[in-house]
Amino acid sequence: MKLQGVQQTKWMGVLVFALAILVFPFIVTQSFYLTQATFAGIYAIIAIGLGLLMGYAGQISLGQAAFYGIGAYTTSVLTATMGWSPWVSLPIALLFPGLLAFIMGYTMSRLSGYYLAMATLALGIIVHTLLVEWRGVTKGASGFFGIPQLNLFGYTINQGIPYYYLVWFFVIIVLILSLNIVHSRVGRALRSIHDSEIASSSMGVNTSKYKMQIFILSAMFAGLAGWLFAHMSYSISPAAFTFDASILFLAMVVLGGSGSVWGALIGTLLIRMVGIVVHMLGEKFPFITSDFEHVIYGLILMLVVIFLPRGLFPTVADWFDALLTKRSSKKSMLKLAAKR
Amino acid sequence: MGDLLQFTLTGVTIGSIYAIVALGFVTIYSVTKVINLAQGEFVMLGGLTMYSLTSAGVPYLLGFVITIIVVSILGWIMEYLLIRRAKGADPISLIILTIGTAIFIRGIASVVWGKDQLRVAPFTENTPVNIANATITPQAIWVVVIMLLVVFLLYILIDKTMVGKAFQASSVNPLAARLMGISPKRMSSLSFTLSAALGALAGLAIAPIMFPSYDMGTMLGIKGFSAAILGGLGSAPGAVIGGLLIGLLESLGAGYISSGMKDAITFSAILLILLIRPSGILGEKSVGKGGL
Chain A
1 MKLQGVQQTK WMGVLVFALA ILVFPFIVTQ SFYLTQATFA GIYAIIAIGL
51 GLLMGYAGQI SLGQAAFYGI GAYTTSVLTA TMGWSPWVSL PIALLFPGLL
101 AFIMGYTMSR LSGYYLAMAT LALGIIVHTL LVEWRGVTKG ASGFFGIPQL
151 NLFGYTINQG IPYYYLVWFF VIIVLILSLN IVHSRVGRAL RSIHDSEIAS
201 SSMGVNTSKY KMQIFILSAM FAGLAGWLFA HMSYSISPAA FTFDASILFL
251 AMVVLGGSGS VWGALIGTLL IRMVGIVVHM LGEKFPFITS DFEHVIYGLI
301 LMLVVIFLPR GLFPTVADWF DALLTKRSSK KSMLKLAAKR
Chain B
1 MGDLLQFTLT GVTIGSIYAI VALGFVTIYS VTKVINLAQG EFVMLGGLTM
51 YSLTSAGVPY LLGFVITIIV VSILGWIMEY LLIRRAKGAD PISLIILTIG
101 TAIFIRGIAS VVWGKDQLRV APFTENTPVN IANATITPQA IWVVVIMLLV
151 VFLLYILIDK TMVGKAFQAS SVNPLAARLM GISPKRMSSL SFTLSAALGA
201 LAGLAIAPIM FPSYDMGTML GIKGFSAAIL GGLGSAPGAV IGGLLIGLLE
251 SLGAGYISSG MKDAITFSAI LLILLIRPSG ILGEKSVGKG GL
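Going down the list, the sequences are from chains A and B. The numbering of the first sequence is our numbering, which starts it at 1 and goes up by one. The numbering of the second sequence is our numbering, which starts it at 1 and goes up by one.
Incorrect hints may have been included.
What the hints assert, rightly or not - Lysine to aspartate or glutamate pairs mimicking EDC-like chemistry, simulated, CA-CA at most 16 Å apart: (1) B/Lys-33 with B/Asp-90; (2) B/Lys-115 with B/Asp-215; (3) B/Lys-115 with A/Glu-197; (4) A/Lys-209 with A/Glu-197; (5) B/Lys-262 with A/Glu-133; (6) A/Lys-10 with A/Asp-321.
As the list claims (entries may be wrong) - Computed far set for chain A versus chain B, every beta-carbon distance over 12 Å: (7) Gly-13; (8) Ala-20; (9) Val-28; (10) Leu-78; (11) Thr-107; (12) Met-108; (13) Leu-152; (14) Ile-161; (15) Arg-191; (16) His-194; (17) Val-205; (18) Tyr-210; (19) Ser-237; (20) Tyr-297; (21) Asp-321; (22) Leu-324.
To be verified - Heads up, incomplete: computed chain B residues facing chain A, CB under 8 Å, no partners named: (23) Leu-97; (24) Ile-99; (25) Ser-110.
Note that these hints are calculated values from the structure, not bench results. On a predicted model such as this, the values are computed, not experimentally measured, just so you know. The beta carbon of each residue, even a glycine, is placed where N, CA and C say it ideally should be.
Please model the complete structure; the sequences and the hints are all you need to start from.
And the structure:
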């Protein structure tokens, strides 16, 4: 039964998307683009989690890179220093960021608005500083070397096509999981929190519980991304987990549209494409440096907030919907006219 | 004992800068309820504009005035082009808008001024002075003096003038203020201009000590934001207390524990204070509640 106004997961979309991912390496064969696409997948996992947090729970996180970093460093220390198998360290790399988010959420539950933004910002800076300074464990600013590659059934998943598929396999899982959450009772409760926390709590929605759960989930997604990032690269350094990284994740979500899981995914892809285009232009015109990237990210954030407050994806999706319904209503009108 | 005095002096100096930046946050927030995360970028622009002017041979005092005017105009432009258009957006969007502005300004600055740290001459001759086993540079004294001056002038402006009354009125109740013939739009624009000027002033004061570069604004903005939050958003005395507290935490943490860990120590302390007082040290209970 289909209820009026209840959104359901459009499996067609997921299927088409999965197919596009499957054929991408056959169409684009340069290893540069494949690496970029793999990175895009890693970022997409974080962006989807952040999108759930922002668009559905109405919370902001200015420190998402902290969870990403903790995931990456947890697995690095467990595998390279302590010799665990990466597959065993995966649950731990999810658990630690989740646990931190739980503690954060629990202690900071009295904070809201700008104060919460401040708290997440502080968390990001604290974690980054610890990654740099706790040299005994993290090896400091120079970075952590010798992270083992992933092995599956005796087959090494090395950088390139195998890792691309692995990352996007996880992206699809995260995507399906998120779409299902969004279209479930929990998702509707979350959306009501986003619209009006007071109204939804007076309707009997346990707002703090849902907000906490989604915060933990977004942290675990970031941890998963960190795990993928660590085992893709032979080495990691704290420079990848800065405030700027947190802002970049924010930009991805805002560009795509925080009220939609697909939006976060599309936003990630677009932001990565901007990076690639700037990089390519920079090779042709020496005056275009990597700083241009930041100018453009800044510009995107400003323009999106002013002109597309809901983000790119929901706006475009509505255009299409409007276009389609107009067509179909015209058709049905014609049919009616013909019958007469 | 000498150490403690030295760390305290350093802490008060840097804390004064944070306090000025935090006052910029408070000025904008109290009128528009916007947190302007590009506030640190005004500081950076202040320092770098002064560098360009002095190296172009403009006299020091004239350069000082021109810098403040230029950055104030930029603040006005920012309000006019961005904030006014996004009126009514929710706090998350506004945070993102000002972060976008900050990144944009920083990117432009890195193209214009390059990535090196630049040297700006101090206000007066800068021979360190010895006070009971601790040294302090005249520029550091200037920084503190400027902070006190800013606090005093802001107090006069807000509490003793008609403009200040209009400012307070549109902060308390924009609609009622409008009915009384005050234009909240004009006040919003004034608040951005004023806090850009404050940022520029902070930049001018800190430039000879910190050697400005295109990326100095991020951390200063974050610390100023923390100071404003710590003091209680919207409270000017809170901003000053917050700023000095963060400056002291930072310099004592760097001195006694580890200079690399200073940011972690400072922000852990901030989290701890927020845990005990969720609306800041001098914040009212309702401030910042129900926003996001």
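Each hint tested on the structure:
Restraint check for B/Lys-33 and B/Asp-90: satisfied, since their Cα atoms lie roughly 10 Å apart, inside the 16 Å limit. The hinted pair formed by B/Lys-115 and B/Asp-215 meets the criterion: a straight-line CA distance of about 8 Å does not exceed 16 Å. This hinted pair does not check out: B/Lys-115 and A/Glu-197 have alpha carbons roughly 45 Å apart, beyond 16 Å. In summary, the hint linking A/Lys-209 to A/Glu-197 is supported, as the alpha carbons are separated by about 12 Å, within the 16 Å threshold.
Annotation: proposed proximity of B/Lys-262 to A/Glu-133 holds, straight-line Cα distance about 10 Å (limit 16 Å). Between A/Lys-10 and A/Asp-321 the alpha-carbon distance is near 14 Å, which keeps this suggested pair within the 16 Å criterion. No beta-carbon of chain B comes within 12 Å of the beta-carbon of A/Gly-13; the shortest separation is about 26 Å. Consistency note on A/Ala-20: stated as away from chain B, and its beta-carbon is indeed over 12 Å from all of that chain's, at 29 Å minimum.
In this structure A/Val-28 is separated from chain B by more than 12 Å, as the shortest Cβ-Cβ distance comes to about 29 Å. For A/Leu-78, the condition that its CB be more than 12 Å from all CB atoms of chain B holds, with the nearest at approximately 23 Å. With a least beta-carbon separation of about 6 Å from chain B, A/Thr-107 fails to lie farther than 12 Å from that chain, contradicting its non-interface assignment. Once the 12 Å rule is applied to beta carbons, A/Met-108 is inconsistent with being away from chain B; the minimum gap is 7 Å.
Once the 12 Å rule is applied to beta carbons, A/Leu-152 is consistent with being away from chain B; the minimum gap is 38 Å. Against chain B, the non-interface label of A/Ile-161 holds: every CB pair exceeds 12 Å, the least being about 34 Å. The claim that A/Arg-191 lies off the interface holds: its Cβ sits roughly 14 Å from the closest Cβ of chain B, which is beyond the 12 Å cut-off. For A/His-194, the non-interface assignment is contradicted: its Cβ lies about 9 Å from the closest Cβ of chain B, within the 12 Å cut-off.
With 12 Å as the threshold on Cβ separation, the claim that A/Val-205 sits away from chain B holds: the shortest Cβ distance comes to roughly 16 Å. The non-interface label for A/Tyr-210 is consistent with chain B: the shortest C-beta to C-beta separation is roughly 15 Å, beyond 12 Å. For A/Ser-237, the condition that its CB be more than 12 Å from all CB atoms of chain B holds, with the nearest at approximately 15 Å. A beta-carbon of chain B is positioned within 12 Å of the beta-carbon of A/Tyr-297; the least distance is around 6 Å.
Distance check for A/Asp-321 against chain B: the nearest CB is about 23 Å away, which clears 12 Å, and the non-interface claim stands. Distance check on A/Leu-324: its Cβ is at least 29 Å (rounded) from any Cβ of chain B, clearing the 12 Å threshold; non-interface status holds. Because the smallest distance between the Cβ of B/Leu-97 and any Cβ of chain A comes to about 4 Å, under 8 Å, the interface hint for this residue holds. The interface hint given for B/Ile-99 holds, since its Cβ lies 6 Å from the closest Cβ of chain A, which is under the 8 Å cut-off.
Here the hint on B/Ser-110 is kept, as its CB sits about 4 Å from the closest CB of chain A, short of 8 Å.
Going down the numbered hints, you'll see the structure goes against 3, 11, 12, 16, 20, while the others check out.
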